[in-house]
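*Asks:* Chain by chain, the residues:
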Amino acid sequence: MQKKRLFSQIAVASVAALILAGCSSSNDAASSSGVPDVPMMESLGAGEGQVNLVAWAGYVENGSTDPNVDWVTGFEEETGCKVNVKNGATSDDMVALMKTGEYDVVSASGDASLRLIYGGDVAPVNTDLIANYADIFDNLKLQQWNSVDGVSYGVPHGRGANLLAYRTDIVNPAPTSWGTVFDANSPYKGKITAYDSPIYIADAALYLMATQPDLGIEYPYALDQKQFDAAVELLKTQKPLIGEYWGDYLKHVASIKSGGTVLGTTWQVNINLAKGEGTKVEGIKPSEGSTGWSDTWMISSKAKNPNCAYMWINHIASPEANAGVAEWFGEAPSNAKSCDLTADKNHCATFHAADDAYWEDVYYWNTPTEACLDGRTDAKCVPYAEWVKAWSSLRNS
Amino acid sequence: MTISRNARFLLATLLGIGLAFIYIPLTVVVINSFNSSRTFSWPPTELTTKWWGMALDNTGVRDALKWSIIAGLSATFIALLLGTALAFAVSRYDFFGKDVISLLVVLPISLPGVVTGIALNNAFTKQLGMSTGLLTVVIGHATFCIVVVYNNAVARLRRMGTSLQEASMDLGANGITTFRLITLPNMASALFAGGLLAFGLSFDEIVVTTFTAGPGIQTLPIWIYNNLFRPNQTPIVNVVAATLVFISIVPIYLSQKLSTDSSSGGRF
Amino acid sequence: MQNISNTMHKNPKLRLAALLTAPILWLVVAYLGALATLLVTAFFTIDSFTGNVLQIFNLGNFQDMLTDVAYKNVVLRTLGIAISVTIICTILAIPMAFYMAKIAKPRSRKILVALILTPLWASYLVKIYAWRTMLEPGNGVLEWLLGPIGFKSPGFGGPAIVIGLSYLWLPYMILPIYAGLERLPNNLLDASGDLGAHNWHTFRRVVLPLIFPSLVAGSMFTFSLSLGDYITATIIGGKLQMLGNVVYQNFSINLPFAATIATIPVTIMAIYLWMVRRTGALANL
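Chains as they are written, first to last, in UniProt numbering: chain A, 1 to 397; chain B, 1 to 268; chain C, 1 to 285.
Treat the hints with care, as some may be off.
Stated by the list, open to error - Computed footprint of chain C on chain A; a stretch qualifies when at least three of its residues, placed anywhere within it, have a C-beta under 8 Å from a C-beta of chain C: (1) 89-98; (2) 207-214; (3) 236-246; (4) 258-271; (5) 379-389.
I should point out that these hints are in silico values taken from the structure, not numbers from a laboratory.
Heads up, the beta-carbon is just placed ideally off N, CA and C, and yes, glycines get one too.
Taking the hints into account, I'd like the entire structure generated from these sequences.
*Replies:* Printed below as a string of structure tokens:
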């Protein structure tokens, strides 16, 4: 129930955020909701012959990596839309790329999607034009990071939780709380890892939310200055415990395998990979819940190939393509029908794809804005640009 | 030469240590291309040739190689034109601001790539409203390649002097004929050396490329970077690197063959 | 064609203009123009909601940079790394280049030059990942090879960054020094020896001053490439970051602040270039 209340608050907050946003961005023609007024596509026409995508590596595979991994060629043949893709290394990269207006479609994580919506860089998506939208899990639709005022800005793609990894042969007893990565007297000092991104500040906030109720944190992406400072302070005390921060999976998995890292934030796919190489490691969702990510396929407001863009989004949400991506990339698929199509029949179970209860206390990445996302109107929250600065500062202090 | 036996021995030892420093990691790259572990764990528990097979099947790497070569050749071509023109101007004429030219050409390579990269990105996409693509990559690469061509050309022009040119002109040849028959052939090896270095710089450049490459163009370093981020494919980057090392024998051999007059051969 | 050629021949100013126009336009307008535009951005700010750049002149970014001790740390750390890399490369490169230029026979000299050039073609990223395998504490290649004689890996951090960058840029130091030494006439060394100078003395008093421009030329690569690097630090830097990381991190979300940080390496390199301008090093690259 706590959860329910929170989300209704968030809905209110979104409206408040929009109004504030409307005031602050005077140069854009803003609708009543405050988001730049971008028209929605009404009906589909013929394809333009190509579509330009910004995507995470591994989301758009045309068989050039592995002849058996291909959900692009069929699409190209069927629709006549040639797919050009640029891989973004980080969410920030993707936002920058979308701002250029050269791309039609982006697979945005939650820490990018709101920025894109408020920046007027993406258009509302007419879900009636996307046949496969109906099969997407309901608890991914019309969420705070992919919609505004009940208007959808994209199609959910896949999701994952940021888990706590530990080497079962070294870490004893097995951890149950994020407290183990913040414990100043940890016996694993120097062998703990954390995700190398400003968004990791939310992980600290999540822990404080559970352990320091006095701070009044309701939502880890809505932190006023006091709450934000407390989270950063916690990360400062954590820093001496850290051996390495990780950004790319290769460094991370290699480190877990060698024992250089025995405890810390991870993704399910990394655990599977390390296990596959014979490493004794497990990933759990601790008692406080966890942060996570849910990606959304969005369409540029300046799309030069809108018809092909819609066709692509419909295609990538189809059970076949969605299953292909989910398995290749290692994430939970968003299409309910995908689970029957994965090569590994346990894929959906491993990644908790259809397990609604599992996702209850997963706080998907979101973009912190000055207007607090948790519904407070009496406070100003710390916007994401400040998170980035604080992270730079923390990493070098 | 009056270098004592001991000193010779010492220098040979230091050279050996230096070469070991250079070649042990390269050997690790080659061995890892056969390492069955996806995360390069050492020592390899099992050797496999499957990464080599996967690399052969991978058409993405061939496309990337193609883009790298196209971008490298185009950037080298532009650098050759601009660098040679500038070298002629500096070594044959006097003009205001001549002293700062050497500073100006060296700037793009001496400022950090990340600064050059974001400056160009900002200028292309935000100020000029251009699309990033092959063109912007080539512009970025050519900018920092000019200096190597320029320096090679200036050095050669200085050594050549002007007497040959004057003789040709005195014998009635016009400017273009003189350039074609006298100046160019004399400069060829220097330009080749400069061009090769320019191509090499462009070929392995990643930072400026990151900020200037658009959709549909992926150079080899960018391809490698992307592959390090996907769980299934990592080891094939070792295959690619090992192959590149072997292939590199060709341009290196060519450069040595063509620059037998060793003082320019010394500069690549 | 003939006419153009004649006109050009008779008019040196026209010829000069023809030669200079394109390169100067390219370097000044395209490159310096882009750079200046970026640096001006340092005085702007962003809309905290959309991340769009607002062209309002202010010094807030510089204030943030100068008041936060973290940025002083990262500048000093980066400078320390760049200087260490340059020193290590110099120490390694001089004897190698000397042997190649003055002792090796012409045939083996060619092979040695080829051996120095080869690693430049293996990808940067692959080489740094190879160093990850080399330095891995506990089961890296180095401990595997040298463990029996008591070697312990320094792990990932500052020393690893210095080793990795030295590895990457060493050839760029060897080659100019080699070229400089090769231009040096042998009889000069002989003369010094005949006058009774020892090897070391000859080296310090005769060779070193003469190859100094080449050394500086090499250091331009080792120093400036290290100063701007961010990828090596990400892969083998452990917890450490360098200036490039901070610029990269802020680039897309807060371009004005990234530009502010970028002024630091630009200033450092400008001072450096100004200092070495008179040594003739710039022509030795």
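*Asks:* Taking the hints in turn, state whether each one holds.
*Replies:* Going down the list of hints, with the structure as the test:
no. : hint    : verdict
1   : 89-98   : holds (count 5)
2   : 207-214 : violated (count 0)
3   : 236-246 : holds (count 5)
4   : 258-271 : holds (count 3)
5   : 379-389 : holds (count 6)
In this structure, only the earlier hint numbered 2 is contradicted, and the remaining ones agree with it.
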